[in-house]
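Asker: For reference, the chains in residue letters:
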Amino acid sequence: MLIWRVNLQSGSLQREAVPESWSRLGGRGLLARIMVDETPPGCDPLGPNNRLIFSPGLLVGHMLSSCDRISVGGKSPMTGGIKEANAGGTTGLKMACMGIRALILEGQVTAAPAARADWRVLHLSLDGARLEPAADLVGLGVGEAAARLLKRYGDQVAVALIGPGGEMRLSAAGIQNLDKDGVPSRIAARGGLGAVMGAKGLKAIVFDAAGAAKPPLADPEAFKQAQKVFTRNLADHPQTALYRDYGTAAMALTCNALGGLPTRAFSEGSFEGAETLSGEHLREVTLERGGESTPTHACMPGCAIRCSNNWGGPDGKSLVTPLEYETIGLMGSNLGIADLDVVARLNWEVNDLGLDSIDLGAALGVAVRAGLMAFGDGDRAMELLREIRQGTPLGRILGHGAALAGRVLGVIQVPVVKGQAMSAYEPRAIKGTGVTYATSPQGADHTAGNTVRAKVDHLDPKVQAALSRNAQISMAGYDTLGACIFAGFGFAVAPEVIPGLLNARYGWQVGGDILQTLGRETLSLEREFNKRAGFTAAHDRLPEWMTLEPLPPHRSVFDVAEADLDGVFDW
Amino acid sequence: MVHLHTSLRRRTPEGLVRRLEVALPAGGTLADLLRALDLQAEGLLLVVNGRTAHLARVLEEADEVHLIPALSGG
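In order, the protein sequence lines correspond to chains A and B.
So for the first sequence, the numbering used here puts the first residue at 534; every next one is plus one.
So for the second sequence, the numbering used here puts the first residue at 257; every next one is plus one.
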């Protein structure tokens, strides 16, 4: 395994050995380690000293079902703290096969927004690395840019790229990755890492794994056995069939039943139009429409769950892939929109701009509160998104996400923590996830530790901190392995499979608690970086209005004790 | 009213349904409801009137019951 280090300022491209202290980490955990070791905590996220880091998780590279995720990290322009965003697709798999434990990008072409001629594509292969001009790609959405890159470099490469949002250095810009069919739809969305890449003057990174093989195994037979057990457990698990048939959209009616479906700019917790936003409806319509529409699609090669989908219009032609619950919540019920065709078109637009659909949905909710559009007006929502592509001042304000939009537009009822928007779990109704929003070093992010599935009273403030703690530790562990959250229910059947796979892959002797060990180490490093960057307990809070304004239908406020929030990481 | 989420939808003489009215004797509980529907509690999130409920919960006529196969969200 090796580290690639690329300096956009000097143009230096170097292979380095993996330092001993980094060698037992990957993905989110390794990002945190590198950030603490190298990135000045006070640096400007858009300046030359911020690092943009790509690292596949520890188990990536073997087409182990749902375990080939790529983690991307740096200091976030949105939160001002550490950021990890991960995605499926093929980037992680190709990097691991090329033996790359981490790619570290430093410096920037120019501090000012790059001129057309300054933009670059980074090309990595087993032969080496080179920076190439990207002038012909500047200003293109990710769809057209990816198509040109695949034509230029061949359709077997993996690509990580930014859209116009990242080029404009917007805080809600993410980094898109190709799915297994070459569609740029798997976005490391959260916290503005696309803006960090844009600030470096980099439009795309091409990973050409020609000639590469799967990473070596210390004990191939033991790996094969552990893989067999995991795959069988996953295939037999009832949740696998549920996700295959309904996808994450099944959460719409679950959250609606709990009064936790963000509705009309987080002012209500249930939506009268939830039925036509549901996974059940999505499945019926995609099957009925046929053509490219399908309720089942794998984002990574070899995934046994295939929870993704392709939403086609009435003629069956794809409008967007995938259509996920978070987007449905933030761009559907949150905007008073009950039509999945409308949500799909908005989703495609933000995808192509290379922006985070969660923060953009929340920003449009803020726009409604500010009187710039009405609830349910999908056409106006699209007009506002098109302003981003045009680069108008209003478009740029929205493209920086909900927190900035709220500040500029004078709205204080903004659903953010550390400047990052909440996803589609209302924290006043699902308070454990609210604890995660408040305390995660990442800012509000359900993937940092969602508690909605727990069989507890989600309104009881007393039981939530422990739930959130356990969920956050597990998720930080899975993110370090490169495992999708949904691989978790396969691992949960036989937890010994995780150390089994790691020991067989690397020749280690790790024990049964390795998932929690990796999770705690990762969270500790992330909190250390944030502490050095100026974060205190005062930042681990939900916005005050959510503690004051009761949420229908339960009339509940967020009332988890501050002492409980402060104790989440006392382990 | 009983709401049957995702895979719990069932075929009835009226077609495929996701909502049912179920008659229970007075004092009937969630456990009785599951028995009447021939469902196991394991792997189900049980929600009554918007709140997670236990099997011993006594059901009333106007209750809205959601039976939800466990999902982890995305």
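Calculated directly from the structure, the hints in this document are not laboratory data.
Check before you lean on any hint, since a few could be wrong.
[What the hints assert, rightly or not] Chain A stretches covered by chain B per the calculated footprint, using a threshold of three residues with CB under 8 Å from any CB of chain B:
1) 764–778
2) 783–794
3) 1090–1104
[To be verified] With the Cβ distance kept under 10 Å, some of the chain A side facing chain B (calculated, not the full set):
4) G744
5) G802
6) R816
All residues carry an ideal CB built from backbone N, CA and C; glycine is no exception.
Asker: Confirm or reject each hint.
Answerer: Going through the hints against the structure:
1. 764–778: holds (count 6)
2. 783–794: holds (count 7)
3. 1090–1104: With 0 residues closer than 8 Å to chain B, the segment 1090–1104 of chain A misses the three-residue bar; violated.
4. G744: Hint violated; G744(A) Cβ to chain B Cβ min 35 Å, cut 10 Å.
5. G802: 8 Å, holds
6. R816: 9 Å, holds
In summary, the numbered hints that this structure violates are 3, 4.
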